[in-house]
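J.: Each chain, written out:
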Amino acid sequence: MQFNTGDSGSNLQSEINITPLVDVVLVLLIIFMVVVPLLMKGYDVDMPQTSAEPTQAEQSQLMLSIAPTACRILEPPAGEGLPADCQVTLDDQKVPAAELPARVAQILGGQPTEKRVLFLAADDSLNYEGVLRIIDLAKSGVEDLKIEFVSTH
Amino acid sequence: MRLGEPAKMQAAINITPLVDVVLVLLIIFMVMAPQMRKGPDVNLPNTSKPSQQGDERGKILVSIDDAGRLWINDQQVEAEHFGDALRAAVGAEQDPKVVIRGDARLNFREVRQAMLAIEQAGFRGVGLIAKHAGAKGE
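The listed protein sequences correspond, in order, to chains A and B.
Residues 564 to 716 in the working numbering are what the first sequence lists, from first letter to last.
Residues 1241 to 1378 in the working numbering are what the second sequence lists, from first letter to last.
FYI, nobody ran anything at the bench for these hints, they're computed from the structure.
Heads up, the beta-carbon is just placed ideally off N, CA and C, and yes, glycines get one too.
Heads up, some of the hints might be wrong.
Here are the in silico distance ranges between beta carbons for each label pair [stated by the list, open to error]:
#	chain 1	residue 1	chain 2	residue 2	range
1	A	587	B	1271	42 to 50 Å
2	B	1268	A	675	43 to 51 Å
3	B	1281	A	713	29 to 37 Å
4	A	580	B	1330	39 to 47 Å
5	B	1328	A	583	47 to 55 Å
6	A	672	B	1318	42 to 50 Å
7	B	1316	A	578	56 to 64 Å
As a list, the in silico BS3-like pairs of lysine-lysine whose alpha-carbon atoms are at most 25 Å apart [to be verified]:
#	chain 1	residue 1	chain 2	residue 2
8	A	657	B	1337
9	A	604	B	1299
10	A	657	B	1289
Bound conformation, chain A alone (with noise of 0.2 Å):
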């Protein structure tokens, strides 16, 4: 009552008007009840097929495999990322994991996305984690890069 000397306006104006950040925060709370406890992430594979399928033999095959004596990924591997040593056989020849990337976008980087497919033979032993962080390498070269498991067996 003492501001209606001339100061009224700019007092009513310094409080800030919370209502939409209210709004903001309740459809916050909403969406995290809904959504959150049910998103994943992952990587979209397919299955090692029992039965020999002929008609794949004569596409060009991209085969990747990984054998645990050249990565050594027996346990999970710490932090991110892998092993500095390890190497991988893509098309026969011997790649460090960390050229991966760019091997795979070199070889299908030109083709029409359902070429895109890479087979991977991953030996039993390997720990989980470091088959799909290698995966996850692959998949980094090339966008809509189809995996294919093949049953070493």
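Given the structure of chain A, go ahead and fit chain B onto it with the hints provided.
T.: For chain B alone, coordinates are given in the frame of chain A:
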């Protein structure tokens, strides 16, 4: 102006406690959310760029815990009954997607065997669930 001002100030609802309560609820839900998932606790593998797999509803969750035990949604299943249990889990859903939540400490063998069993049960393709490296929870 002078007469209207006191009434105007009292008319505004003090929503600060409301904001406090809502923020606390938000934090509670953020903390509780990982425990609301279906299936056993699985230490998911960390990778750098997992793609979105949508949400859990309408999918069959196959979990493999660190001891190699198989779970379908919330139920532990013996390996020999796995195929039957998987077909039973389909229910009314048309061609549901199967996702595997495998523990990071597993050998690839256990996951490959589960994939083979899923393939033999008549499903094509699975999603291998991972979590973004550095992401908190689960």
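J.: Hints first: check each against the structure and report whether it holds.
T.: Evaluated hints:
1. Distance hint for residue 587 of chain A and residue 1271 of chain B: a CB-CB separation of about 21 Å, inconsistent with the stated range 42 to 50 Å.
2. For the hinted restraint 43 to 51 Å between residue 1268 of chain B and residue 675 of chain A, the CB-CB distance of approximately 49 Å keeps it satisfied.
3. Take residue 1281 of chain B and residue 713 of chain A: their Cβ atoms lie about 31 Å apart, and the range 29 to 37 Å holds.
4. A hinted range of 39 to 47 Å is violated for the C-beta pair residue 580 of chain A and residue 1330 of chain B, which are about 52 Å apart.
5. At roughly 49 Å, the beta carbons of residue 1328 of chain B and residue 583 of chain A sit within the given window of 47 to 55 Å.
6. Distance hint for residue 672 of chain A and residue 1318 of chain B: a CB-CB separation of about 45 Å, consistent with the stated range 42 to 50 Å.
7. Checked against the hint of 56 to 64 Å, the C-beta distance between residue 1316 of chain B and residue 578 of chain A comes to roughly 58 Å, which is consistent with it.
8. As the CA atoms of residue 657 of chain A and residue 1337 of chain B are separated by approximately 35 Å, the hinted pair breaks the 25 Å bound.
9. For the suggested pair residue 604 of chain A and residue 1299 of chain B, the alpha carbons sit about 13 Å apart, so the restraint of at most 25 Å is met.
10. Between residue 657 of chain A and residue 1289 of chain B, the direct Cα distance comes to roughly 24 Å. Compliance with the 25 Å bound is thereby established for this hinted pair.
Violation of the numbered hints given earlier is confined to hints 1, 4, 8; the remaining hints are satisfied by the structure.
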